[in-house]
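S.K.: Could you build the full structure based on these sequences and the hints that come with them?
Each residue of the sequence shown is one higher than the one before, counting from 973 in this note's numbering.
Don't read these hints as lab results, they were simulated from the structure.
Honestly, I wouldn't trust all of these hints.
Derived Cβ-Cβ restraints for the label pairs, each shown as a range [unchecked claim]: (1) L993 with E1047: 44 to 50 angstroms; (2) L1029 with I989: 16 to 22 angstroms; (3) A1010 with A1036: 37 to 43 angstroms; (4) L976 with F999: 14 to 20 angstroms; (5) F999 with G1019: 27 to 33 angstroms; (6) A1004 with G1025: 20 to 26 angstroms; (7) W991 with E1047: 19 to 25 angstroms; (8) P1035 with F996: 19 to 25 angstroms; (9) L1029 with L1001: 22 to 28 angstroms; (10) R998 with P1046: 23 to 29 angstroms; (11) M1048 with G1008: 51 to 57 angstroms; (12) F997 with M973: 27 to 33 angstroms; (13) R1015 with P1046: 26 to 32 angstroms.
Each residue gets a CB set at the ideal place from its N, CA and C atoms; glycine is no exception.
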Amino acid sequence: MSALQRIALVLTIIGAINWGLIGFFRFDLVAAIFGGQAAPLSRIIYGLVGIAGLINLAILFKPAEEIGRTEPKPEMK
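M.R.: Laid out in structure tokens, this is it:
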């Protein structure tokens, strides 16, 4: 898994936790931390989570061989 895919996964998990908090407790953690839903920093976080979701959507349709493949480490001499 590449670094971009790992970052996208972490952002997607953050988004899922935030949606869970909204659904169960009507509490938006991102808005609470960054100054409300309309605050520029909150909107950036929401946008990054959305982009991460699209990246993960693309990963969903990749063949399993491509996802688990890692480059071999160079041999040390």
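S.K.: Each hint needs a verdict: does it hold in this structure or not?
M.R.: Verification of the hints:
1. L993 with E1047: 44 to 50 angstroms: holds (48 angstroms)
2. L1029 with I989: 16 to 22 angstroms: Given about 19 angstroms between the Cβ atoms, the range holds.
3. A1010 with A1036: 37 to 43 angstroms: Hint holds: Cβ distance 41 angstroms, inside 37 to 43 angstroms.
4. L976 with F999: 14 to 20 angstroms: violated (30 angstroms)
5. F999 with G1019: 27 to 33 angstroms: About 21 angstroms separates the Cβ atoms of F999 and G1019, which means 27 to 33 angstroms is violated.
6. A1004 with G1025: 20 to 26 angstroms: holds (21 angstroms)
7. W991 with E1047: 19 to 25 angstroms: Violated, since W991 and E1047 (Cβ atoms, about 45 angstroms apart) do not stay within the stated range.
8. P1035 with F996: 19 to 25 angstroms: violated (36 angstroms)
9. L1029 with L1001: 22 to 28 angstroms: Taking Cβ atoms as reference, L1029 and L1001 lie about 23 angstroms apart, which means the hint holds.
10. R998 with P1046: 23 to 29 angstroms: violated (52 angstroms)
11. M1048 with G1008: 51 to 57 angstroms: Because 52 angstroms falls inside the window, the suggested range holds.
12. F997 with M973: 27 to 33 angstroms: holds (32 angstroms)
13. R1015 with P1046: 26 to 32 angstroms: For P1046 against R1015, whose Cβ atoms are near 43 angstroms apart, the range 26 to 32 angstroms is violated.
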